[in-house]
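Undergrad: Single-letter residue listing:
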Amino acid sequence: MTDKKYIVGIFNDEDVVMDAVQKIRSKGIKIHEVFCPYPVHGLDHALGYDRPRMGVPAFLFGITGTCLAFLLTFWTLGIDWPMNIGGKNFFPFPTNIPIVFELTVLLAAFGMSFTFFFMEGLGPSVKPLIFDLRSTDDKFAMAIDLNKNTVSDSDIKAFLSEVGAEEVNVKEV
Amino acid sequence: MAHKHETPSLDESFDFSPELRKKLIISAIIGVAMVALGAFLIKNHWSIGVWDAGHGAEHAAEGHGGGEHHGATLFSRIVANLWMNSVYFLGISVVGVFFLSYNYVAKAGWYTSFKRVPEAFPSFIIVPAVIMLGLFLYPETRHIIFHWTHHGIMEVGSENYDKIIAGKSWYLNFPFFLVRMIAYFAVWYYLWTQIRKYSLLEDETNDLAYYYKSRNYAKMFLIFFAVTSSTAAWDFSMSIDTHWFSTMFGWYHLASWHVAGLAAIMLTILLLKDKGYLKAVTFSSIHDLGKLMFGFSVFWTYVWFSQFLLIFYANLPEETIYFRERFSGHGGRYFAPFIINLLLNFVFPFLILMARDSKRNGTFLKLACGSILIGHWFDFYQIQMPGIAKDQGGIGIIEWGTTLTFASLFIYFVANQLSKANLIAKNHPFIEESLHHEI
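Going down the list, the protein sequences come from chains A and B.
Our numbering puts the first residue of the first sequence at 1, with every later residue one more than the last.
Our numbering puts the first residue of the second sequence at 1001, with every later residue one more than the last.
In isolation and in its complexed conformation, chain A is listed as follows (with noise of 0.2 Å):
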């Protein structure tokens, strides 16, 4: 284990929450990431997040199914084993469009699931780092690395506080 080191601010109200993400950032302190039981909307704006570019990847998982759809029909019916279906030339183009849009379509959702597993760093065997249960169910917990703030500890835990946490807990791991 590292030693890594968060503060984590338990809040009871998606308001509260919400205010207190403005007015933390405002004094320049950095938060990790904040755990709702429920989408907030506007809080991804209020943190600061880019939008996200999901479609750089899936276009690219998509266009390779695509590429690999044409190949595989354009090889097996059209080169390696040319049959006559209906009378029609060995390669006809609107045949292959249902293959190439179904490959299309897997690779891009696998690919994206895949993503999805890798990006948030789920998987098999994978423990993953919950700051508190509680963020499942009705509370609402914002994570603060110490290691990447220069303000103090104790500067952090009462700025938390003031800002309308109702709990102020110290999470090592």
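Result set (SDA-like, lysine to any residue): computed pairs, CA atoms no more than 20 Å apart in a straight line: (1) B:LYS1291 / B:ALA1106; (2) A:LYS88 / B:GLN1307; (3) A:LYS88 / B:ASN1315; (4) B:LYS1291 / A:GLY55; (5) A:LYS88 / B:THR1320; (6) A:LYS88 / B:PHE1327; (7) B:LYS1291 / A:ARG51; (8) A:LYS88 / B:GLU1318; (9) A:LYS88 / B:PHE1323; (10) A:LYS30 / A:ASN147.
Quick caveat, the hints were computed from the structure, so don't treat them as lab data.
A quick note: this is a predicted structure, and the numbers were derived from the prediction, not measured.
Place chain B on chain A using the hints.
TA: Frame of chain A; chain B shown alone:
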């Protein structure tokens, strides 16, 4: 942020100015004049339209002498234009109430801020209804449009007897067809008037009962439209090519109507916003409508392609004739509309509406709307023209004129309806949700 911004005033009324009225009426008259001019030019062999093949007119001149059933004349082309534009604009109008209905039934709230726009569309139903009933009741135009109405075609022993068409006589016969047509127009229009009535009553009193009543009418509409959208497609479009049939056709036709209707709703909202109306409609709602447009233009392509692929693969002569006629029939004159149809309805909207930013940008959205609206005009053109206008078809002054007249009348009816009520349904129970909608 969603909970910080101020909501603009919900009291807006659209000013349908006398100048705009005058302009629309004048452009409708110009459209009629263009049809007359186009017909005159073709009669005199001075064809200047884009795809006006010159030799069409020569056939027109000798067409009457033959007196056979299959010959098309210049008159057929005008009738085809009337029918095709009627079906197209009927679809856009009826999609207004279709859109409202499925949103009512789904208890959706996101669209409430621009609800009055689709609500205004179905007022136009009466114009295509009158034109289509007229064209069907007048024997000469009926024979031009519908091959199955020819004399003796369903009588055994007659020289026009056609066994396949006679087999469809239980469905394709004059009284049943007429009853169906009247039922479509009357029920669609009636259910719209009820939804509209309760929506307007809602503005005056803040009573939830009106919402539930509208919702009941919306359910009735969806049940009725589930069947009639398909049967109307068979009646208005598929029965023109009487021998041919496709089990995908109802969906294909509805998909075409629906996406054209969505594009018309979007374009109306954007134009109203440009004029300074509908300030309360956020770009989140528009973004969602843009997603629907994108999704349903892909859906249209999916259905179109499914129909095409099955026919292509099975390769049965009685089915492939439909596409053969469009690829190379009548001198290949329907090949270009066929290709334009795919480009404008799939390729262009697909590429332009893919990105998130373009669905939140008025200019890109307008481009996509224009592409879809023109594209689906071409869709109905290539559905109906080959069967009605045959070798007289083309795209020239006649087509532009007819479409101009229909579009002007449509805008007139919609603007008139918009000016009759507050532009935002201010007491709708979901209006708050719509105002704070954020994606």
